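Enquirer: Assemble the complex: chain A is given as a structure, and chain V must be docked to it using the hints.
Taken in sequence, the protein lines are chains A and V. So the mapping is simple: this note's numbering equals the position in the first sequence, first residue as 1, plus 65. So the mapping is simple: this note's numbering equals the position in the second sequence, first residue as 1, plus 65.
Some hints here could point you the wrong way.
All copies of an identical chain are treated as equivalent in the list; a pair is satisfied when it fits inside any one copy or across any two copies.
Okay, derived cross-link-like pairs now, DSS-like style, lysine-lysine, Cα gap no bigger than 25 Å in a straight line [what the hints assert, rightly or not]:
| no. | residue 1 | residue 2 |
| --- | --- | --- |
| 1 | 176 | 406 |
| 2 | 218 | 491 |
| 3 | 389 | 339 |
| 4 | 89 | 277 |
| 5 | 473 | 416 |
| 6 | 474 | 303 |
| 7 | 339 | 297 |
| 8 | 416 | 474 |
| 9 | 416 | 491 |
| 10 | 297 | 393 |
| 11 | 389 | 406 |
| 12 | 176 | 393 |
| 13 | 268 | 491 |
| 14 | 156 | 474 |
| 15 | 106 | 89 |
| 16 | 154 | 106 |
Please keep in mind that the hints were generated in silico from the structure rather than gathered at the bench. It should be emphasised that the depicted structure is a prediction, and the values quoted were computed from it without experimental measurement.
There are 2 protein chains.
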Amino acid sequence: MEYLDFFFRPKSIAVVGASRQPRKIGHVIFRNLIDLGFPGKVYPVNPNATTILGRRSFGSVTEIDDEVELAVIATPSAIVPSSVEDCAKSKVKAGIIISGGFKETGEDGRKLEEESLDIARRAGMRLIGPNCMGIYDTYNYIDTLFLPRYRLKRPPRGDIAFISQSGAFGAAVLDWAAELGIGISKFVSLGNKADIDEVEILKYLEDDPTAKCIAVYIEGTNRGRELSETLKEVTARKPVIVLKGGMTPEGQSAALSHTGILAGTPQIYEAMIKQTGAIRAETAEELLDFSVALSHQPLPQGNRVMILTNAGGFGVLTADSVSKLGLKLAKLNDETIRQIKGKMPSTVIVKNPLDLVGDADPERYEIALESLTRDPNIDSMIIIILVQTPEIDPEIVDVLTNVTSFYKKPMLVTTVGGELTQMLTKMFSESGISTYPTPERTVKAIKALTTCAQNRMRTESGM
Amino acid sequence: MEYLDFFFRPKSIAVVGASRQPRKIGHVIFRNLIDLGFPGKVYPVNPNATTILGRRSFGSVTEIDDEVELAVIATPSAIVPSSVEDCAKSKVKAGIIISGGFKETGEDGRKLEEESLDIARRAGMRLIGPNCMGIYDTYNYIDTLFLPRYRLKRPPRGDIAFISQSGAFGAAVLDWAAELGIGISKFVSLGNKADIDEVEILKYLEDDPTAKCIAVYIEGTNRGRELSETLKEVTARKPVIVLKGGMTPEGQSAALSHTGILAGTPQIYEAMIKQTGAIRAETAEELLDFSVALSHQPLPQGNRVMILTNAGGFGVLTADSVSKLGLKLAKLNDETIRQIKGKMPSTVIVKNPLDLVGDADPERYEIALESLTRDPNIDSMIIIILVQTPEIDPEIVDVLTNVTSFYKKPMLVTTVGGELTQMLTKMFSESGISTYPTPERTVKAIKALTTCAQNRMRTESGM
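So here's chain A without its partners, still in its complex pose (with noise of 0.2 Å):
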């Protein structure tokens, strides 16, 4: 698949419809090419200018003495055709075009679209957009993204792989989760999908070993079949969570006046994504969720929770949500609650959900752990901290990162409330430790590993 390589790899970079005016995209997208450090050569594209932050500028991507290999397009749409036409002759690769006013604007637009395709396609260069946002590439330091960092923060650098039809979308997710501590590893904006789509980047990051799972926003796709196909392929290498916008018939209506691409009656999406093998995503937050638990846990053999808590009424919603969502509660072996009897006060009663009782310590948790971790009839375990109560302290950090050390299972944390539990997952996120912020979430997050894992042993076993 080398051809994509030039996106996420490319040796030179030209921004063309670099602007010397701080706020105009086309100086944000070169400007953040630099502070991001991508290693290799940017070239700053725009007729009137001689310099831009203090690099030569060219009259045109033809004028640069060099080979450039990916270019990124940010002129008004009416001149893209023009632009496009110069990259060809440079025998530019790849063309990443930023600009809207095309397909999605009526008319005129789709015409200015077709011309800009059919250039880059007698050239043999391929286009990502238009109406996009591009590429954020946390491993190749790429970063087309064209808002300023204070408006849209970048997430750190991780493990999922995501892939937005919308760019709004996209921007907004790539915020929360940096503001979150989320790592993503490549971020694509496909807009209007004049050229590649969603099956060409799936297709491209089954081999890319720094996503270990790929989230996908969608409205619609003008390639079913194949869309169907890559979905299956790479689900059985790595998990793919897919968000469908346009699942009803008035959110169907909206999207297409939104991306003028039909989007597919949703009794189609559910049953492609079910069949495949991908995990659906309902909301946005669901998408950021399950990335997080898919790309950070192990895969439970099994349906059967246990909670571990220190609030006895968030042990009671958690058990509600566990059985809301067709997950068993774990019953615990007689040899673990005769350990973990043996060593808890009174007041603390050894079943499942296991209640420490609000004066619980780190220690105690631990203790609990020890036993917990050994018995067989748990597939996967909640840990409920609530840092409100008296005894909590950052120790507790150090207690569950061990657990992560040996524990083969999924463990996921849930902890409610304010400015100090935000620290505390923080804290836990850092450690590799999926920590959510209400019952409710963990509880999706582990149904999402528990489809998975299904999914998985269905593919492997030929079913």
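Expert: Coordinates of chain V only, in the frame set by chain A:
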């Protein structure tokens, strides 16, 4: 309901078990009452200290040479009966027993609880607890939450009254509310409910003008019929949102060992909530989200929702959510369409969702809202604002605040993202604009408003 005034508006408080040691709960409670500025007298009671925080300490409540109206009791469970006995002797009107170690721990504890209750009953003294967090009242400066403020942030004064059976649940939700800037009028943690239960508190809150709505977390009750009748009565006056823990067999069993109160079948509670006109929350998140909307928004006249956005993808997902929850997309008046069309760039297609597209500035929102707020076909409005887009600035807060000053229908905001998004959320919240971080949570809040309106109409028509 004068007797409950002794809990919420006492002239004087004794903290029985006040301690000189900063980590002891008796110390934290005493300090919090002073720090919060409780306007009446606060007396520390501790036979082993002469002064606490510079105030004279008393060996027993009986030694206090003043009328004590409320006693907050934080002594070890074994001596709670004698603490209550002293209060009884001194004609204390109301007692909050914070201490645990009663019914929830087994037979010995149950006896201590019954003994304490007997003593109180004979003296005409009413009790909240034991095994509870007590009261946090932002209007009357009462704070018996025994957790220091760095662990458990206190929410600001506001319009939501909150009753929680579980103390830890209440604490976590208060802390979360504080982080989001959500205001609380009164919080009451009921614990074992030896004497006072949710029925009495609900009746009291019915006449409390500071409570615009009431949020309830309950795991079980011994007075199903009275609770049902009270809910019916109160919901006719103000919205009540109920989260019931133990709505599945698994959760029910967990609740039994948590509180020792039989939770009742889920079906009974489900029917009760529906028949009484209360709003059911299924998660802690919904409990807070619905409370925010129901305490601040007018009730809608129907279920036709208008979506205004600067991000197509989130418009699609919101439309999906509207459809899934059985609400309708408003069909715009011809006049509205004509007016808006004339004032928008050609890239904006005037329909519902109305996508103002990525370069929308606050003025474009203002222009659209000027017409939309006059459209009789709209019952409620969802405004999606992504601050990652380049043209959104803080003026958007003024634009929406201005609308709320005359618009008599619900208008809720969705904004998705990280740091800047959270800043905007706080600015909106301070202006009384209900703001949510995902499309689905916003739509669910609209649904709660709609359900409440329907219940109200049903009641008023006597159906």
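Enquirer: When Cα atoms must be at most 25 Å apart, do residue 339 and residue 297 count as within-copy, between-copy, both, or neither?
Expert: Answer is within; shortest intra-copy Cα gap is 10 Å, inter-copy 44 Å.
Enquirer: Check residue 176 against residue 406 for me: Cα-Cα at most 25 Å, and say if that holds within a copy, between copies, both or neither.
Expert: between (74 Å within a copy, 24 Å between copies)
Enquirer: If the cutoff is 25 Å on CA atoms, where do residue 416 and residue 474 land: within, between, both or neither? Let me know, please.
Expert: within (20 Å within a copy, 49 Å between copies)
Enquirer: Within, between, both or neither: how does the pair residue 473, residue 416 come out at a Cα-Cα threshold of 25 Å?
Expert: Within. Shortest intra-copy distance 22 Å satisfies the 25 Å Cα cut-off; inter-copy 52 Å does not.
Enquirer: Can you give me the call for residue 297 and residue 393, within, between, both or neither, at a CA distance of at most 25 Å?
Expert: neither (28 Å within a copy, 36 Å between copies)
Enquirer: Treating 25 Å as the Cα threshold, decide for residue 389 and residue 339: within, between, both or neither.
Expert: Answer is both: 20 Å inside a copy and 20 Å across each meet the 25 Å cutoff.
Enquirer: Are the CA atoms of residue 474 and residue 303 at most 25 Å apart within a copy, between copies, both, or neither?
Expert: Within one copy only: 17 Å inside, 47 Å across.
Enquirer: At most 25 Å between C-alpha atoms: does residue 156 with residue 474 qualify within a copy, between copies, both, or neither?
Expert: neither (51 Å within a copy, 58 Å between copies)
Enquirer: Treating 25 Å as the Cα threshold, decide for residue 389 and residue 406: within, between, both or neither.
Expert: neither (29 Å within a copy, 47 Å between copies)
Enquirer: Checking residue 89 and residue 277: alpha-carbon separation at most 25 Å within a copy, between copies, both or neither?
Expert: Answer is neither: 35 Å inside a copy and 47 Å across each miss the 25 Å cutoff.
Enquirer: With identical chains, the pair residue 176 and residue 393 could be close in the same copy or across copies; at 25 Å between alpha carbons, which is it: within, between, both, or neither?
Expert: neither (56 Å within a copy, 36 Å between copies)
Enquirer: With identical chains treated as interchangeable, where does the CA-CA distance between residue 154 and residue 106 reach 25 Å or less: within a copy, between copies, both, or neither?
Expert: within (19 Å within a copy, 87 Å between copies)
Comparing the model with each numbered hint stated earlier shows that hints 4, 9, 10, 11, 12, 13, 14 do not hold.
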